[in-house]
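Visitor: Read off the chains here:
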Amino acid sequence: MNAPANIKIFDAERARADFEILSRQVYGKPLVYLDSGASAQKPRIVLDTMRDFAASEYANVHRGVHFLSAAATDRYEAARRTVQKFLSAAREDEIVFTKGGTEAINLVSYSFLAPALQPGDEIVLSVMEHHSNIVPWHFLRERQGAVLRWVDVRDDGSLDIEALDAAIGPKTKLVAITHMSNVLGTVTPLKDIVARAHAKGVPVLADGCQGAVHAVVDVQALDIDFYAITGHKLYGPTGIGALYAKRAHLKKMRPFNGGGEMIREVSQDRVSYADPPARFEAGTPPIVESVGLAAALDYLSGFDRAAVAAHEHDLLAYAREQVGQFNWLRVIGDAPGKGAILSFEAEGMHAHDLATILDREGVAVRAGHHCAQPLMERFGVASTTRASFAMYNTRADVDALIAGLAKARGILM
Amino acid sequence: MNAPANIKIFDAERARADFEILSRQVYGKPLVYLDSGASAQKPRIVLDTMRDFAASEYANVHRGVHFLSAAATDRYEAARRTVQKFLSAAREDEIVFTKGGTEAINLVSYSFLAPALQPGDEIVLSVMEHHSNIVPWHFLRERQGAVLRWVDVRDDGSLDIEALDAAIGPKTKLVAITHMSNVLGTVTPLKDIVARAHAKGVPVLADGCQGAVHAVVDVQALDIDFYAITGHKLYGPTGIGALYAKRAHLKKMRPFNGGGEMIREVSQDRVSYADPPARFEAGTPPIVESVGLAAALDYLSGFDRAAVAAHEHDLLAYAREQVGQFNWLRVIGDAPGKGAILSFEAEGMHAHDLATILDREGVAVRAGHHCAQPLMERFGVASTTRASFAMYNTRADVDALIAGLAKARGILM
Amino acid sequence: MDNALRELYQEVILDHSRHPRHYGAMDGASHKAEGYNPLCGDRVTVYLQLGADGRVADIRFEGKGCAISQASASMMTDMLKGRSQAEAEKLMQGFLHLVKGEDASDLSEDDRETLEVMGGISAFPMRVKCATLAWHTFKNAVEEGAT
Amino acid sequence: MDNALRELYQEVILDHSRHPRHYGAMDGASHKAEGYNPLCGDRVTVYLQLGADGRVADIRFEGKGCAISQASASMMTDMLKGRSQAEAEKLMQGFLHLVKGEDASDLSEDDRETLEVMGGISAFPMRVKCATLAWHTFKNAVEEGAT
Ligand SMILES: Cc1ncc(COP(=O)(O)O)c(C=O)c1O
Ligand SMILES: Cc1ncc(COP(=O)(O)O)c(C=O)c1O
Chain B
45 MNAPANIKIF DAERARADFE ILSRQVYGKP LVYLDSGASA QKPRIVLDTM
95 RDFAASEYAN VHRGVHFLSA AATDRYEAAR RTVQKFLSAA REDEIVFTKG
145 GTEAINLVSY SFLAPALQPG DEIVLSVMEH HSNIVPWHFL RERQGAVLRW
195 VDVRDDGSLD IEALDAAIGP KTKLVAITHM SNVLGTVTPL KDIVARAHAK
245 GVPVLADGCQ GAVHAVVDVQ ALDIDFYAIT GHKLYGPTGI GALYAKRAHL
295 KKMRPFNGGG EMIREVSQDR VSYADPPARF EAGTPPIVES VGLAAALDYL
345 SGFDRAAVAA HEHDLLAYAR EQVGQFNWLR VIGDAPGKGA ILSFEAEGMH
395 AHDLATILDR EGVAVRAGHH CAQPLMERFG VASTTRASFA MYNTRADVDA
445 LIAGLAKARG ILM
Chain X
45 MNAPANIKIF DAERARADFE ILSRQVYGKP LVYLDSGASA QKPRIVLDTM
95 RDFAASEYAN VHRGVHFLSA AATDRYEAAR RTVQKFLSAA REDEIVFTKG
145 GTEAINLVSY SFLAPALQPG DEIVLSVMEH HSNIVPWHFL RERQGAVLRW
195 VDVRDDGSLD IEALDAAIGP KTKLVAITHM SNVLGTVTPL KDIVARAHAK
245 GVPVLADGCQ GAVHAVVDVQ ALDIDFYAIT GHKLYGPTGI GALYAKRAHL
295 KKMRPFNGGG EMIREVSQDR VSYADPPARF EAGTPPIVES VGLAAALDYL
345 SGFDRAAVAA HEHDLLAYAR EQVGQFNWLR VIGDAPGKGA ILSFEAEGMH
395 AHDLATILDR EGVAVRAGHH CAQPLMERFG VASTTRASFA MYNTRADVDA
445 LIAGLAKARG ILM
Chain U
5 MDNALRELYQ EVILDHSRHP RHYGAMDGAS HKAEGYNPLC GDRVTVYLQL
55 GADGRVADIR FEGKGCAISQ ASASMMTDML KGRSQAEAEK LMQGFLHLVK
105 GEDASDLSED DRETLEVMGG ISAFPMRVKC ATLAWHTFKN AVEEGAT
Chain P
5 MDNALRELYQ EVILDHSRHP RHYGAMDGAS HKAEGYNPLC GDRVTVYLQL
55 GADGRVADIR FEGKGCAISQ ASASMMTDML KGRSQAEAEK LMQGFLHLVK
105 GEDASDLSED DRETLEVMGG ISAFPMRVKC ATLAWHTFKN AVEEGAT
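Residue numbers (the working numbering), protein chains in the order written: chain B, 45 to 457; chain X, 45 to 457; chain U, 5 to 151; chain P, 5 to 151.
For the record, the hints were derived by calculation from the structure and aren't laboratory data. For clarity, every value in this text was computed on a predicted model and none was experimentally measured. Any given hint could turn out to be false.
Lysine to aspartate or glutamate pairs mimicking EDC-like chemistry, simulated, CA-CA at most 20 Å apart [what the hints assert, rightly or not]:
(1) P:K133 to X:D319
(2) B:K295 to X:E391
(3) B:K451 to P:E15
(4) X:K451 to U:D19
(5) P:K143 to X:D319
(6) P:K133 to X:D118
(7) U:K68 to X:E391
(8) B:K215 to X:D313
(9) X:K296 to B:E121
(10) P:K104 to X:E121
(11) U:K133 to B:E121
(12) P:K68 to B:E421
(13) U:K36 to U:E148
(14) X:K73 to U:E11
When you get a sec, could you build the whole thing from the sequences and use the hints?
Guide: Dropping the structure here:
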């Protein structure tokens, strides 16, 4: 996520205007939204596209021959192709819609890993994973005797790739690794990881819930087996996410949820299943949300992504420099090339108190363990304060954060 | 769903105006939407509430201390209370949000039934179940040796309650039964079913995806163990549903999806889980959709439900009478007290051809097996044509259907 | 009746669907396959007698379905009989193009004329599967259906 | 600084949080419980010495947390020491009402005066859990924490 030398221009102020919520106030102060890592705001085009679709072309998909059903099916399948293109997947049937990033990862656990897992089989993961990329594996430990092999990060938050390589052994069934940490901002060298894992015959799942927001992803170039994304962090709706999986895997995977749409034939005694991706999309899918997600990806792709990344990188660098003036503040996560997330601990000030005071200044940040408790343990903290930057943030937002921090210090110390 | 003698007035024309899509045309003809059984259209208040919320109060829920996160959390939890009230549940923590009706049923399968299931354990279900209330049990058959005990319906489509009672034996672990068939319209006597099952110590799951739309549900009065609903048939958004489950069950159930929000503590070696309902809501939930669902339920509850039911019942009776003139048409499902769904087979005319011709007249109906293949087999058909009526339909819609059928006959025969 | 519907349900089509040619099982078929449309639950079985040279010496079909799928199956049997594998493949590709509204100019003039009545389907994308079911089943029978 | 914040972070609160009373483990406690706030990962341990009559003969706490939770725990230990179970229960209920902005008039005048500094929390619903953590933990210690 380093900015290339020669970048096109991205006008954050102009993008800002696309997000209605950003012009609102809280407690009489302008909203400074630095919580996009938890969930991004949605541009007008996403909200309007969803509303318009629901108000004029909506019906259930797939099963109907009537006009609206055909129209809705077209939109739904077009959304799948939009995701395909967004991730540079080879085929549209390698994209499975889910209800979010968490479900995408659980799908891999339930449908790919669980059926063949033997006690003692190992799953390699890093200490900076989000709970969504931890708990499904804990399930396999509790229920089927899987062994979790944890890979440490260095003190700067970067992944210890040699340790990861060393952790992959003959019993490893999966490497489950984040593309970008939601706490540290660390970006992992996926291509290198995949190469090392494949050299030992081990498939790789990337949790791309953060990564896909900030970097252009090419699953074919990465040669990755599974890549999970979530709509609401991609400036899209809640209630939808997607899993990219190689066709060869999907074909062999057993279903997860059972219901309408995912079968071929059902009788009293027998059941057979549809081909992927339908096999993994039981029930009425998030139809309107798929259309919203497509609108969000189109919106994002309408910008020069490198320019957006450069903008976010500039905000991060500026924020990093500004907090440097506070000797009572420790930044957690300083890996080279990291994404636009700044987590820190403030001496003598608890994250919740900080966040409360910042909130009253209109500055929205997260405080807590960020669903990454093993990482908190690794850095010896119970919680951190986290500012995360999106395309619509500006240096003025950083200034507001800095002023708020100074103020909090004044109040609390 | 019989209309009580003394009903308040429901003005369908007025309700109609709340649904923007109903004033559109298809192929230059006014849209006659008779496919609400597959998915209902959404009133303006639902679309506007969702858009407004997303544009002014949106953030991720639960984890944040900042203003928007608090506001969004309030809305999300208020939506839970709206569902609780809608189903007359005793406690709000008995409502688990899911991505739809299908997932709600799968949740019962994965979290309640699967963990303790022994080979030979039995699940009782009826031949008129939707695939969503069949395939999860087939999974348990395939994976854990469960036995499915099928209960027949009578020729008029009514449930054979004695047969159901007889099917419940010492090995029965669950009765899984629809509240209302999406093909026949048959409404099952849930209270009686629950009483008989409980007499033998067996819990009951009702698939309320259709039932809750047309009848007022009181889970406490029914004393039912599990009740599943889906948002998009309740005039609400896609991407959301809910499971009602008795607190005593939920407390003992193990988690389904693993991820953020559903844990208490996670370390490298251990994991502990949050109390219900959070335990079953891994990851970022369908936040905007929950707010939309609440708006839909409020909208529906704003009418006199008995009057709405009477209106739908009138449409069904009128349609039933009108199709009686066609001696080439066989209605499938004529159970007393049935809901507003009319399925039929037309001599010498395939459902798909009928549906195509009706579509060109602006009349949207479903053709196919309606995700109920065992029922198709029971009635010896591959598919049926289905017209389903919602609050916004009128007698004029029925007239359009009848005219379309006559026309189809003219073309095809 | 609107034009698209008139095109779709032409008399030729309805006639084929009411009186399908080569309908019924074939004893001693050399190849056989069953096709299934999960959308509507319709099934079709295609029986073949392939000659030593791979030619379609005989062909029959069986199954229930909508007017479109029945007519398509019936016309298919009419047209495939006697063709070589390469000719059959070419005809099938042309047919697929035609019903999807794509360029079908690689069909021979004769074939194009015969199949023209099927062209109306391209206005009904949701029904294309009905029209292609028998053809895909034929292909399956040839490739994997040796009895 | 806005009024709500000023109310929340009063000097009394900050003083309690910086210099918590009765802080640290207690050897030979008769009762003990650990509280945990899953939102922020904070923990608190409450130690009790309950007399034969059930009175809170001694009380201490330990753990890290935000200013609100620390101050609340510190004040709690100050106030509970010497109380009977019934008095403790009454105080706790009054405190819960107070921080939720509900009617706390059943508190004694003295208690109300002491606790007044905590009233500002009611304007911060997301922080109520911080304030109540120690109290819930105390209750747990009494009810289920016999060592
Ligand atoms: C790195 C990472 N992985 C997974 C998730 C889970 O995504 P979701 O909550 O949308 O399912 C998140 C966000 O919460 C995340 O930041
Ligand atoms: C009776 C019945 N059960 C279950 C479902 C499944 O609901 P969903 O597709 O919303 O998950 C449906 C609708 O498709 C239904 O009609």
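Visitor: Which of the numbered hints above does this structure break?
Guide: 2, 9
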